[in-house]
Amino acid sequence: EAGVAQSPRYKIIEKRQSVAFWCNPISGHATLYWYQQILGQGPKLLIQFQNNGVVDDSQLPKDRFSAERLKGVDSTLKIQPAKLEDSAVYLCATRRGMQETQYFGPGTRLLVL
Amino acid sequence: AQSVTQLGSHVSVSEGALVLLRCNYSSSVPPYLFWYVQYPNQGLQLLLKYTSAATLVKGINGFEAEFKKSETSFHLTKPSAHMSDAAEYFCAVSPGSNYKLTFGKGTLLTVNP
Chain P
1 EAGVAQSPRY
11 KIIEKRQSVA
21 FWCNPISGHA
31 TLYWYQQILG
41 QGPKLLIQFQ
51 NNGVVDDSQL
61 PKDRFSAERL
71 KGVDSTLKIQ
81 PAKLEDSAVY
91 LCATRRGMQE
101 TQYFGPGTRL
111 LVL
Chain S
114 AQSVTQLGSH
124 VSVSEGALVL
134 LRCNYSSSVP
144 PYLFWYVQYP
154 NQGLQLLLKY
164 TSAATLVKGI
174 NGFEAEFKKS
184 ETSFHLTKPS
194 AHMSDAAEYF
204 CAVSPGSNYK
214 LTFGKGTLLT
224 VNP
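Residue numbers (my numbering), protein chains in the order written: chain P, 1 to 113; chain S, 114 to 226.
To be clear, the hints were calculated from the coordinates, so they are not data collected in a lab.
Just so you know, not all the hints are guaranteed correct.
Listed below are the simulated DSSO-like cross-link pairs for lysine-lysine, each with C-alpha atoms no more than 27 Å apart in a straight line [claimed, not checked]:
#: 1; chain 1: P; residue 1: LYS11; chain 2: S; residue 2: LYS181
#: 2; chain 1: P; residue 1: LYS11; chain 2: P; residue 2: LYS83
#: 3; chain 1: P; residue 1: LYS62; chain 2: P; residue 2: LYS44
#: 4; chain 1: S; residue 1: LYS162; chain 2: P; residue 2: LYS44
#: 5; chain 1: S; residue 1: LYS218; chain 2: P; residue 2: LYS78
#: 6; chain 1: P; residue 1: LYS78; chain 2: S; residue 2: LYS213
#: 7; chain 1: P; residue 1: LYS44; chain 2: S; residue 2: LYS181
#: 8; chain 1: S; residue 1: LYS181; chain 2: P; residue 2: LYS71
#: 9; chain 1: S; residue 1: LYS213; chain 2: P; residue 2: LYS62
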């Protein structure tokens, strides 16, 4: 079975620009997560979707970050405008039903200059 | 609220030596515990998980971990390190069947020839 796909893999932008990341989950995985992993730290949850509905976005900086999961499959995470401190790896993970395991994509490495 | 403490941001061992990576957690409810491994420029891969069954859990690549409730620990071990084990290792906790992961800061394992 194909894994979680993410694109782009790398992105360099200047501060105040906007950027978007895309995630395609494993087929049949209804739950989707976006994490932010700053260098030297563990991943931090930004937002959780169940199908196309938001379950938890308490850690999402909503003044600049937005995410959607139209049709309950692919998801996009957007940052507008970007700040220097947004430089990080953005990881997408998905989970099937009541199984405990989250499966992670390779991540998008963002550098904001 | 949940939290994870990984003692030692960097562990160095010789090839063939015992690997011990430490993880202590706090959780207000019976936890599920996970160890993930991250190779350079890749996403996280599940090594093993504890979900309230056997306290000694065996995972992939010869790793195992033991859940000790009295010590609130879930240390990761491998009897004999291999060069291919060099990576970053993350311990994570979720509050039972909630499945929302809180990660530690990670431990970078270096294996010397």
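Status of each hint after checking the structure:
1. Between the alpha carbons of LYS11(P) and LYS181(S) the distance comes to roughly 42 Å, so the proposed pair goes past 27 Å and is violated.
2. With a C-alpha separation of about 14 Å, the suggested pairing of LYS11(P) with LYS83(P) holds against the 27 Å cut-off.
3. Distance check on the hinted pair: LYS62(P) and LYS44(P) sit about 15 Å apart at the alpha-carbon level, within 27 Å; holds.
4. At roughly 19 Å between alpha-carbon atoms, LYS162(S) and LYS44(P) fall within 27 Å of each other, so this suggested pair holds.
5. Taken as a hint, the LYS218(S) and LYS78(P) pair is honoured in the structure, with Cα atoms around 25 Å apart against an allowance of 27 Å.
6. Simply put, LYS78(P) and LYS213(S) have alpha-carbon atoms about 22 Å apart, close enough for the 27 Å limit, and the pair holds.
7. Between the alpha carbons of LYS44(P) and LYS181(S) the distance comes to roughly 25 Å, so the proposed pair stays at or under 27 Å and holds.
8. Between LYS181(S) and LYS71(P), the direct Cα distance comes to roughly 42 Å. Violation of the 27 Å bound is thereby established for this hinted pair.
9. Simply put, LYS213(S) and LYS62(P) have alpha-carbon atoms about 20 Å apart, close enough for the 27 Å limit, and the pair holds.
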